[in-house]
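Participant: Single-letter residue listing:
Protein chains: 2
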Amino acid sequence: MRFELKQATEILSQTPFTLQRMLEGLSEDWTVSSGDVESWGVYDVIGHLIHGEETDWIERAEIILAQGENRTFVPFDRTAQFETAKDKSLEELLTEFAYLRSSNLERLARMELTDDNLKLKGMHPELGEVSLEQLLATWVVHDLNHTAQISKILAKQYDAEVGPWKEYLSVLK
Amino acid sequence: MRFELKQATEILSQTPFTLQRMLEGLSEDWTVSSGDVESWGVYDVIGHLIHGEETDWIERAEIILAQGENRTFVPFDRTAQFETAKDKSLEELLTEFAYLRSSNLERLARMELTDDNLKLKGMHPELGEVSLEQLLATWVVHDLNHTAQISKILAKQYDAEVGPWKEYLSVLK
Numbered sequence: 001m002r003f004e005l006k007q008a009t010e011i012l013s014q015t016p017f018t019l020q021r022m023l024e025g026l027s028e029d030w031t032v033s034s035g036d037v038e039s040w041g042v043y044d045v046i047g048h049l050i051h052g053e054e055t056d057w058i059e060r061a062e063i064i065l066a067q068g069e070n071r072t073f074v075p076f077d078r079t080a081q082f083e084t085a086k087d088k089s090l091e092e093l094l095t096e097f098a099y100l101r102s103s104n105l106e107r108l109a110r111m112e113l114t115d116d117n118l119k120l121k122g123m124h125p126e127l128g129e130v131s132l133e134q135l136l137a138t139w140v141v142h143d144l145n146h147t148a149q150i151s152k153i154l155a156k157q158y159d160a161e162v163g164p165w166k167e168y169l170s171v172l173k
Numbered sequence: 001m002r003f004e005l006k007q008a009t010e011i012l013s014q015t016p017f018t019l020q021r022m023l024e025g026l027s028e029d030w031t032v033s034s035g036d037v038e039s040w041g042v043y044d045v046i047g048h049l050i051h052g053e054e055t056d057w058i059e060r061a062e063i064i065l066a067q068g069e070n071r072t073f074v075p076f077d078r079t080a081q082f083e084t085a086k087d088k089s090l091e092e093l094l095t096e097f098a099y100l101r102s103s104n105l106e107r108l109a110r111m112e113l114t115d116d117n118l119k120l121k122g123m124h125p126e127l128g129e130v131s132l133e134q135l136l137a138t139w140v141v142h143d144l145n146h147t148a149q150i151s152k153i154l155a156k157q158y159d160a161e162v163g164p165w166k167e168y169l170s171v172l173k
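These protein sequences, in sequence, are chains V and A. Take the first sequence: its position 129, counted from the start at 1, is 129 in the numbering used here, and no numbers get skipped. Take the second sequence: its position 149, counted from the start at 1, is 149 in the numbering used here, and no numbers get skipped.
These are computed hints drawn from the structure, not numbers from a lab. A few of these clues could be false.
The list cannot tell twin chains apart, which means a pair is met if one copy fits it or any two copies do.
[As the list claims (entries may be wrong)] Capping the alpha-carbon separation at 30 Å, the derived lysine-lysine pairs in BS3-like fashion look like this:
(1) K6 to K119
(2) K86 to K156
(3) K119 to K86
(4) K156 to K6
(5) K6 to K121
(6) K156 to K88
(7) K121 to K88
(8) K156 to K121
(9) K121 to K166
(10) K86 to K121
(11) K152 to K166
(12) K173 to K152
(13) K156 to K173
(14) K156 to K166
(15) K152 to K6
(16) K86 to K6
(17) K119 to K88
(18) K6 to K88
(19) K166 to K6
(20) K173 to K121
Computed from a predicted model, the values in this text were never measured in an experiment.
Assemble the whole structure, with the sequences as input and the hints as a guide.
Facilitator: Dropping the structure here:
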């Protein structure tokens with residue numbers, strides 16, 4: 001598929017609700033923070049998604065659109081959630097993520113992006129030149145990346161419980 | 001985590017609703033059948049989940065519980081959905097999956113399984129002896145496996161659109 005703003009927004013809009021449906025009502029054993037920046041729990045993933053809404057995607061889109069002298073993005077802190085999210089319940093985090101995403105999608109809509117806008121470029125601190133279109137496609141894939149990661153974290157809890165079936169279950173590999 | 005029926009049922013109950021929330025309203029480009037048994041589209045995954053509800057999990061649980069002379073499961077057809085699902089809409093498949101899952105969870109509840117029941121064994125045609133507990137844990141992980149697979153199939157559609165970000169996105173690997 002070629003990138004289209006409407007189709008990208010379909011995924012971005014549903015992610016918070018997908019995750020709420022997937023996680024609310026699960027026993028805390030399934031979703032608890034790992035407390036380990038090297039091996040996240042479900043709780044830590046939602047904190048990471050929130051931090052992205054607050055500091056990454058839309059902020060970077062605005063840097064690109066402004067086409068100012070310095071178009072280099074502020075580096076993203078991938079483990080900020082271990083500090084910022086630690087006193088909240090998972091339900092609170094999911095609600096916060098849904099609120100921030102909805103607000104960011106409004107900001108995106110107000111940009112009224114044209115095809116020419118989507119070709120504008122900014123500077124990623126590690127990856128070099130990237131376009132607005134690539135940024136928005138990455139926002140979508142980043143959602144899906146972490147939805148898959150959450151499925152994997154949940155599945156891993158039953159790694160020893162499936163017995164010989166393990167070899168058929170790629171999510172456990 | 002050790003297997004517990006209550007916690008397992010939490011995941012089994014929410015999967016159909018998670019997938020509805022994730023997929024309903026997406027453009028067909030995201031979800032269309034691949035028509036290729038080697039490389040499934042989202043549509044094909046839902047068909048596969050339906051076939052599992054119809055022929056696999058609860059049927060096998062009943063074979064184990066009955067402890068009859070022949071405890072060997074009927075082999076599961078992993079690509080049956082390419083024949084059975086082909087004339088339905090994705091929404092119809094999602095509704096069918098939710099209905100079958102709910103009905104199977106009622107059958108599971110009516111079994112009133114004890115810890116002793118969970119240790120009973122059946123014979124998998126390829127894997128050999130497996131317990132009822134392992135079967136039920138695998139049902140859960142199988143849901144999560146295919147939820148992760150759906151995220152991956154969706155993400156792959158933007159494989160070329162994310163540009164240099166690809167190296168950060170494990171779901172594209």
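Participant: Each of the hints needs a verdict: does it hold here or not?
Facilitator: Do the hints match the structure? See the list:
1. K6 to K119: within (16 Å within a copy, 51 Å between copies)
2. K86 to K156: The answer is within: 23 Å in one copy meets 30 Å, while 33 Å across copies does not.
3. K119 to K86: For K119 and K86, neither the intra-copy (39 Å) nor the inter-copy (39 Å) Cα distance is at most 30 Å.
4. K156 to K6: between (35 Å within a copy, 18 Å between copies)
5. K6 to K121: For K6 and K121, only the intra-copy Cα distance (21 Å) is at most 30 Å; the inter-copy one is 51 Å.
6. K156 to K88: Intra 24 Å, inter 33 Å, cutoff 30 Å: intra-copy only.
7. K121 to K88: Result: close neither inside a copy nor across copies, 37 Å intra and 43 Å inter.
8. K156 to K121: This pair counts as between: shortest inter-copy Cα distance 23 Å, intra-copy 39 Å.
9. K121 to K166: Classified as between; 17 Å across copies, 45 Å inside a copy.
10. K86 to K121: Neither: 36 Å inside a chain and 43 Å across chains, both beyond 30 Å.
11. K152 to K166: both (13 Å within a copy, 20 Å between copies)
12. K173 to K152: both (9 Å within a copy, 15 Å between copies)
13. K156 to K173: both (9 Å within a copy, 19 Å between copies)
14. K156 to K166: both (10 Å within a copy, 25 Å between copies)
15. K152 to K6: both (29 Å within a copy, 20 Å between copies)
16. K86 to K6: Between copies only: 27 Å across chains, 35 Å inside a chain, cut-off 30 Å.
17. K119 to K88: neither (39 Å within a copy, 39 Å between copies)
18. K6 to K88: Between copies, since 25 Å is at most 30 Å while 33 Å is not.
19. K166 to K6: between (39 Å within a copy, 22 Å between copies)
20. K173 to K121: Between. Shortest inter-copy distance 25 Å satisfies the 30 Å Cα cut-off; intra-copy 37 Å does not.
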